[in-house]
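Undergrad: Here the protein sequences come in this chain order: A and B. FYI, in this note's numbering the residues of the first sequence are 1 to 177. FYI, in this note's numbering the residues of the second sequence are 1001 to 1747.
Hints in this document: simulated from the structure, not taken from any laboratory. It should be emphasised that the depicted structure is a prediction, and the values quoted were computed from it without experimental measurement. We put the CB at the ideal spot given by N, CA and C, even for glycine. Worth double-checking, as some hints may not be accurate.
Stated by the list, open to error - Just so you have them, the derived chain B footprint on chain A, three or more residues with Cβ under 8 Å:
1) 44-57
2) 132-138
Said to hold, decoys possible - Reference excerpt, derived from the structure (chain B facing chain A, CB under 8 Å, subset only):
3) 1074
4) 1088
5) 1221
6) 1252
7) 1634
8) 1638
9) 1647
10) 1683
Claimed, not checked - Here are some, though not all, of the chain A residues that point toward chain B, as calculated from beta-carbon distances under 10 Å:
11) 10
12) 13
13) 14
14) 15
15) 16
16) 18
17) 19
18) 24
19) 27
20) 30
21) 32
22) 33
23) 37
24) 129
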Amino acid sequence: MRYAMAVDTLKCVGCSDCVVACQTENDVPIGHCRDWIVEKTTGTYPELQLEIRSERCNHCANAPCVRTCPTEASHYAEGGIVLVEESECIGCKACITSCPYDARFIHPEGYVDKCTFCIHRVEKGQNPACVSVCPTHAMIFGDLDDLNSDISRAMATRKWKSLIPEAGTDPKVFYLI
Amino acid sequence: MSTNMNRRDFIKVAGMGAGSLAFATPLFDFSKGEILAPDTVPGMYAKRTPTYCEICFWKCAGWVHTNDEGKIWKVTGHEDDPHSNGRLCPRGTGGVGMYNDEDRLKTPLIRTEVGGIQTFREASWDEAFTYIADGLKKIAKEHGPECTALFSHGSGGKYFGDLLKAYGSSNIAAPSYAQCRGPREVGFIATYGEGVESPERVDIRDTRCLVLIGSHFGENMHNGPVQEIAQATSKGASIITVDPRFSTVASKSKFWLPIKPATDMALLLAWMHVIINENLYDKEYIEKYAYGFEDLKAHVAQMTPEWAYGITTIKPETIRETAREMANASPRVIVHPGRHVTWYGDDTQRLRAVAMLNALLGSWGRRGGYYYPEKVNFKKYPHPAFPKPARTWKDAYPGKFKLAGLALASGICDATVPTTERDCSFKGWIVNGTNLIHTLPDQANTLKAIQALDLLVVIDTMPMEITGYADVILPECTYLERYDNIRVSKHREPTIALRMPAAPPKYNTKPAWWMAKGLANKMGLGHFFPWENIEEKLDWELKQVGTSLEEMQRIGVKKYKREYDDLYPMQDLEDFEFNTNTGKIELYSTAMQDEGYDPLPKYKAHEEPPEGYYRLIYGRAPMHTFSRTANNPNLTDLMDENSVWVNPKIAKEWDLKNDQYLWLENQDGVVSKTPIKVRVTERIRFDSVYMVHGFGHTNKKLTRAYGRGASDADLITRVHIDPVMGGTGMRGNFVTFRFEAGKEVSS
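All chains should be built: construct the whole structure from the sequences, respecting the hints.
TA: See the structure below:
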C-alpha cells in the first residue's frame, strides 16, 4: 500500500476550498493551514501561462522530517503516510527546518502539525477532506500499488511532475500538467 | 423616530448586547435531523441537519454536521442537489465562520441621542417592533404606505416582502437586478421571450465550446458552472475567454482575447458578421425560429473583423478563428451571458447581441447550449389577498426604463432624494441582508437619500456599514440557526431543499420569519401571517408537493420528475412558439422598437481614461461574496484584503513596488477611504487596473475587515444608466495613484 495524491493543475482554479475544508474537518486553528494554494504566472502580457497548485505535505517515502526527528514523533504510518505523534513531539522544529516543502507549523498547543492525508477518513475508505470537497474534482487520492486505482491510471496516462525532485525525498504528491 | 434629530450620524455599532445571554427558544426542535453512525473524528458522534447555503445566491444544498455537544463542526454539500452535486465552494465550506463570528449583531438596537451625540441603545424585541410599527404607520398616514421600500438580498427578505405587501407597498428591490443581472434578463426576454434566470439555464456540462465575456468563473465561484466547466473541458470542450485580464479561466482557455475594455459590442457584432458572411450560422434553425435575419445581415454587413480590430485591438484572424471555433461546435456552444453585466450603460443592447449570437449558432433550446428548466409548482400557505398599492416606484420615472422587469434598487434610492418634480419621495426603507453603502454606486447619493428618510430599519447578521445609519437594527440569526422558505429550484430536474436550524440562535438573534410575523402582529396585519409557527407553514406547503417537514428534515433535498419532456425543445427543430410579439426568436426586436429603443444593437464608443488614469475593473475572489464575507474568520484567513493589480509597464512609470500601499483617486477627485496594496502583475492590461470587490470596510466593529483593502464602490461615482431598464453601468470610472490619504479620512 502506497498512498499518494495527484493534483490536476489543468483543473485546479485555486479557490482554496481544500484549505478551508481541511481547517474545518481537522479543527486547524485560524491563522494556520495544512494545505495551501500556489499560483505561478510566467510570460509577458498577452503571452501568459498560469499554473495553480494545491500544495501540502508530500508524504515523502524518504522523508527528511522523519530522519531528523529526535524523538521519533515524526513517523511513517500505514501506506507511507507521514504523521506526527503529538504526545512525543517536543516542538524542537528540526523537522520544520529539514522539510523542503515548508509543510509544517507549530500548533498553538506546542506540537508540530501538518497534513495527515486525513488518515481518520482514509481508514474508513473515504477521501481526504480536501479531495472530497474540490468543486472541479482536481484532486485524486489513492493507492499507487493498486494499478487500477484512479491515481495509478492518471499517473499512467497523464504528464506529471513532483516538486523539488532534486531533494531526493521521493514525494507522494504529484501534479498533473 | 429620527425626526427630532437634524441629521442621521453614522454610528459605529458597538458590541452591545455582548452581555445578552444566548437563549434557546421552544420554537426550535433540535431533536430533528439525521443521527449518523460515529463519523470521521474518533470519539465524535455527529448529527447532520439539512440546509441550503446563504453565503452567495447559488443556494447550494448541504448538510450541517454537529458534534455530540451540539457544536457546529462543518458544512458539506448535498449529494442529491443539482446546485452543489455534493460539493460546496470555499465560501459554503467556510459558512461555519459566519456562525462563529464574534462581531455579529447581538440584540435589537434603537438610535437615540445622549448629550447631543447619537448612539444606539439596546432594546427588547417588543420595543423595537413598536418603534418600527409606529414609524411605518406614520409614513402610511402622512405619505401613503407605498413610500416605504424594501431592499433585500437574502432568503429572509421573502418574509419582509410579505410584510411590506400586507402594509400596502410593492416596492421591493434587490440590487441583484439593476446593479447586476437585469440587462441580461431584459436582453434575452427581448430576443427569446424569456430570461436566463438563476441558476443560469446554460448546459455547460454537455457543451463543446464555451465563450466567456468578462465572466471569470473559478474566481467567481458559482458552484454549478465551475463544476460543469471542469467536466466539459475534461471531455474536450474548448473555452474562449474575452477579458482584459488574464483571469484564472483565461489561463484554462484555448483562446484568450485580451480585449480593450468597453469594446465588447464591436467584437460581438464582428463575430455575427463572420458567422453570417461565412455561412456558418444554423440555417434551418434561423429559418424556422428567427425573425429579422435579413435586417441583421444588413446591419452587420460593414462590421468586419478589420473594423472591430481598430476598436477592440483583437486581430482580425483571431476574430475569424474564434467565430469558426464556435460554429464548429454549434449547436453545442454557449456564448455565456454572464451575470454581473451592468458595465457601460448600453448593457441591455450588449446582452441582446449575446442572445442573437447564440441564436445564429442554434444553441438556445439545444443540448450543450441553453436548456429549458423546470420547477415544482409550489403553493404558498394561503393568506388574504394583499392590498393593491396606489403607486409603485415606476411612477417616479414616467416614460423611462420601460422594459425594467423588476424594481430598481438604485431607482428607489434616487427617488428618495426629494425633488419638486415628485409629489412623494420614499420616506421609509427596510434593508435586509444588503450593505447598500457598498452595493449601490455613488455613495454620496446613497447617503443623501438616507438623510431624507423618516425611518430606516436594517436587518442583518453583521454590523455592516448600512447598520450605522439605521434607526432600528434587528439582528438576524445566521442561516445555520434558522428555518427559511423552501428553496424551490428551477433546473434540469425540479428540486426542493429545506433549510433548518442546526443549532439554537446565538445571542439575542432571531430568524426573519419570526421578526416579520411579530412586526405584522404589532401593526394589526397578523392575519397575513396566519400560521402559528414556521414548522406549521412549511409542513403545509411541503404536503402540497407530496412530502412533509418530517421527511425533508431527514432527506434535505427532494428531486421531482419533469412534468414536460422539453429540456431541449428545439433539439430537432420541433414547432415552438416563443413568448415574443412575433412568436419567433427576435433578431430584430419589435419590443425594443415599440418602446423607442434600437431594435438592433449598435456599437457606441465609450469614454476612455485620460492620461495617467486607468479603467477601474472589479471582480470576485473565490473565497468571498461581495462585502458580506469580509469579516468571516475562516474566509478572512484565506484572503483578508484586496490588492490593486497593475501592469509592470505602468508600475515602472509610477515607480510602484509590489506590496506597497497607496490610495486610488478617480476622475472626479474622489479618493479611496482606505489604502490598497499594489500587486504588480502581467495579468492585467496596461490601460486598466483590477481589484476584488467587497473590501475597504470602515466600520471598526468589523474587527477583521476594518480598514483592510479598499472599496471599489467608493470610486464608482460615474454611473452610466441603461435607458432600457435602468441598470447602473459601473465600469466607466478611471483611477490614478495617490501616495497620501484624501481629505475624507475613514470614519
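Undergrad: Of all the hints numbered above, which does this structure not satisfy? Sort the numbers upward.
TA: none
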